[in-house]
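Going by the numbering used here, the letters in the sequence shown line up with residues 1 to 139, in that order.
Hints should not be assumed to be uniformly reliable.
Simulated DEER-style distance windows between Cβ atoms [unchecked claim]:
(1) Trp75 x Thr23: 21 to 31 Å
(2) His74 x Glu45: 35 to 45 Å
(3) Asp112 x Lys82: 17 to 27 Å
(4) Lys115 x Ala3: 14 to 24 Å
(5) Asp76 x Ser32: 29 to 39 Å
None of these hints come from the bench; they were simulated from the model.
Even for Gly, the Cβ is constructed at its ideal location relative to N, Cα and C.
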Amino acid sequence: MGARRKGRILAFQGLYAYELSGTPVAELLQLSWLDQENQERLKPESKDFARLLIQGTIEKLPEIDRQISKQLEHWDFDRLNKVDLAILRLSAYCLIFQADIPPSVTIDEAIDIAKEFGTDDSYRFINGVLDGIRKHRLA
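Kindly generate the complete structure, drawing on both the sequences and the hints.
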(Lines of atoms letter the chains of each structure in order from A and count residues from 1; the text may use other names and numbers.)
(Lines give C-alpha, C1' and ligand atoms only; values in the text may rest on other atoms or scores of the structure.)
Protein backbone atom coordinates (compact mmCIF):
# COMPACT_ATOMS: atom_id res chain seq x y z
CA MET A 1 0.00 0.00 0.00
CA GLY A 2 1.37 3.38 -1.02
CA ALA A 3 2.20 6.25 1.31
CA ARG A 4 -0.71 8.38 0.08
CA ARG A 5 -3.22 5.55 0.48
CA LYS A 6 -2.07 5.06 4.06
CA GLY A 7 -2.31 8.81 4.58
CA ARG A 8 -5.89 8.84 3.31
CA ILE A 9 -6.86 6.00 5.64
CA LEU A 10 -5.26 7.82 8.58
CA ALA A 11 -7.09 11.01 7.62
CA PHE A 12 -10.38 9.12 7.35
CA GLN A 13 -9.81 7.66 10.83
CA GLY A 14 -8.99 11.09 12.22
CA LEU A 15 -12.06 12.69 10.68
CA TYR A 16 -14.21 9.85 12.00
CA ALA A 17 -12.82 10.47 15.51
CA TYR A 18 -13.44 14.19 15.08
CA GLU A 19 -17.08 13.59 14.19
CA LEU A 20 -17.75 11.03 16.92
CA SER A 21 -15.94 12.49 19.88
CA GLY A 22 -15.00 16.02 18.91
CA THR A 23 -11.31 15.20 19.34
CA PRO A 24 -9.39 18.50 19.18
CA VAL A 25 -7.61 19.18 15.90
CA ALA A 26 -4.20 19.45 17.58
CA GLU A 27 -4.65 15.96 18.99
CA LEU A 28 -5.81 14.61 15.64
CA LEU A 29 -2.73 16.04 13.95
CA GLN A 30 -0.53 14.16 16.41
CA LEU A 31 -2.20 10.93 15.20
CA SER A 32 -2.56 10.08 18.87
CA TRP A 33 -5.06 7.25 18.28
CA LEU A 34 -2.27 5.13 16.76
CA ASP A 35 -0.26 2.92 19.05
CA GLN A 36 3.50 3.43 19.25
CA GLU A 37 4.28 0.49 16.97
CA ASN A 38 2.05 1.79 14.17
CA GLN A 39 3.42 5.31 14.66
CA GLU A 40 6.94 4.00 14.11
CA ARG A 41 6.05 1.85 11.09
CA LEU A 42 4.41 4.63 9.14
CA LYS A 43 6.44 6.58 6.65
CA PRO A 44 6.72 10.31 7.32
CA GLU A 45 5.05 10.93 3.93
CA SER A 46 1.93 9.06 5.07
CA LYS A 47 1.73 11.01 8.33
CA ASP A 48 2.33 14.34 6.62
CA PHE A 49 -0.30 13.65 3.96
CA ALA A 50 -2.80 12.59 6.64
CA ARG A 51 -2.15 15.78 8.61
CA LEU A 52 -2.61 17.90 5.48
CA LEU A 53 -5.92 16.20 4.71
CA ILE A 54 -7.23 16.39 8.29
CA GLN A 55 -6.27 20.05 8.75
CA GLY A 56 -7.58 21.11 5.34
CA THR A 57 -10.85 19.23 5.68
CA ILE A 58 -11.63 20.63 9.11
CA GLU A 59 -10.71 24.18 8.05
CA LYS A 60 -13.05 23.96 5.06
CA LEU A 61 -15.79 21.91 6.74
CA PRO A 62 -18.69 24.37 6.20
CA GLU A 63 -18.04 24.53 2.43
CA ILE A 64 -17.47 20.78 2.21
CA ASP A 65 -20.70 20.00 4.07
CA ARG A 66 -22.62 22.40 1.80
CA GLN A 67 -21.29 20.61 -1.29
CA ILE A 68 -22.16 17.20 0.14
CA SER A 69 -25.66 18.39 1.14
CA LYS A 70 -26.33 19.62 -2.41
CA GLN A 71 -25.88 16.04 -3.63
CA LEU A 72 -28.24 14.42 -1.14
CA GLU A 73 -31.65 13.80 -2.62
CA HIS A 74 -34.37 12.77 -0.18
CA TRP A 75 -31.76 12.25 2.52
CA ASP A 76 -31.07 14.26 5.64
CA PHE A 77 -27.41 15.21 6.17
CA ASP A 78 -27.69 14.47 9.90
CA ARG A 79 -28.72 10.88 9.15
CA LEU A 80 -25.56 10.06 7.19
CA ASN A 81 -23.58 7.09 8.45
CA LYS A 82 -20.55 8.52 10.29
CA VAL A 83 -18.09 6.31 8.39
CA ASP A 84 -19.58 7.44 5.09
CA LEU A 85 -19.54 11.06 6.26
CA ALA A 86 -15.84 10.92 7.13
CA ILE A 87 -15.02 9.42 3.73
CA LEU A 88 -17.21 11.96 1.94
CA ARG A 89 -15.69 14.91 3.77
CA LEU A 90 -12.14 13.78 3.13
CA SER A 91 -12.80 13.11 -0.54
CA ALA A 92 -14.87 16.25 -1.11
CA TYR A 93 -11.98 18.26 0.31
CA CYS A 94 -9.65 16.66 -2.23
CA LEU A 95 -12.08 17.21 -5.12
CA ILE A 96 -12.72 20.85 -4.26
CA PHE A 97 -9.40 22.08 -2.91
CA GLN A 98 -6.67 19.81 -4.30
CA ALA A 99 -6.63 20.42 -8.02
CA ASP A 100 -3.32 18.56 -8.37
CA ILE A 101 -5.02 15.24 -7.57
CA PRO A 102 -7.10 13.89 -10.48
CA PRO A 103 -10.78 13.53 -9.52
CA SER A 104 -10.80 9.91 -10.69
CA VAL A 105 -8.01 9.08 -8.22
CA THR A 106 -9.87 10.74 -5.35
CA ILE A 107 -13.11 8.94 -6.16
CA ASP A 108 -11.40 5.56 -6.66
CA GLU A 109 -9.60 5.92 -3.33
CA ALA A 110 -12.86 6.85 -1.59
CA ILE A 111 -14.59 3.80 -3.05
CA ASP A 112 -11.77 1.52 -1.88
CA ILE A 113 -11.85 2.97 1.64
CA ALA A 114 -15.64 2.62 1.70
CA LYS A 115 -15.40 -1.02 0.65
CA GLU A 116 -12.95 -1.68 3.46
CA PHE A 117 -14.58 0.31 6.28
CA GLY A 118 -18.17 1.04 5.25
CA THR A 119 -21.33 -0.97 4.83
CA ASP A 120 -22.03 -3.15 1.81
CA ASP A 121 -23.70 -0.25 -0.04
CA SER A 122 -21.44 2.58 1.16
CA TYR A 123 -19.22 2.59 -1.89
CA ARG A 124 -22.16 3.07 -4.29
CA PHE A 125 -23.57 5.94 -2.25
CA ILE A 126 -20.16 7.60 -1.88
CA ASN A 127 -19.45 7.21 -5.59
CA GLY A 128 -22.73 8.92 -6.48
CA VAL A 129 -22.24 11.85 -4.10
CA LEU A 130 -18.62 12.43 -5.11
CA ASP A 131 -19.40 12.15 -8.81
CA GLY A 132 -22.07 14.81 -8.32
CA ILE A 133 -19.55 17.09 -6.60
CA ARG A 134 -17.03 16.44 -9.37
CA LYS A 135 -19.55 17.33 -12.08
CA HIS A 136 -20.65 20.44 -10.20
CA ARG A 137 -17.03 21.59 -9.82
CA LEU A 138 -16.36 21.12 -13.53
CA ALA A 139 -19.50 22.99 -14.59
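Do the Cβ positions of Lys115 and Ala3 conform to the proposed distance bound of 14 to 24 Å?
Check passed, 20 Å falls within 14 to 24 Å.
Quick one: are Asp112 and Lys82 within 17 to 27 Å, going by C-beta?
holds (19 Å)
Could you check the hint for me, namely that His74 and Glu45 are 35 to 45 Å apart, CB to CB?
Holds: the Cβ-Cβ distance is about 41 Å, inside 35 to 45 Å.
Range first: 29 to 39 Å. Now tell me if the beta carbons of Asp76 and Ser32 are that far apart.
Holds, since Asp76 and Ser32 (Cβ atoms, about 32 Å apart) stay within the stated range.
Range hint 21 to 31 Å: satisfied by the CB atoms of Trp75 and Thr23?
Hint holds: Cβ distance 26 Å, inside 21 to 31 Å.
Going through the hint list in order, the structure satisfies each hint without exception.
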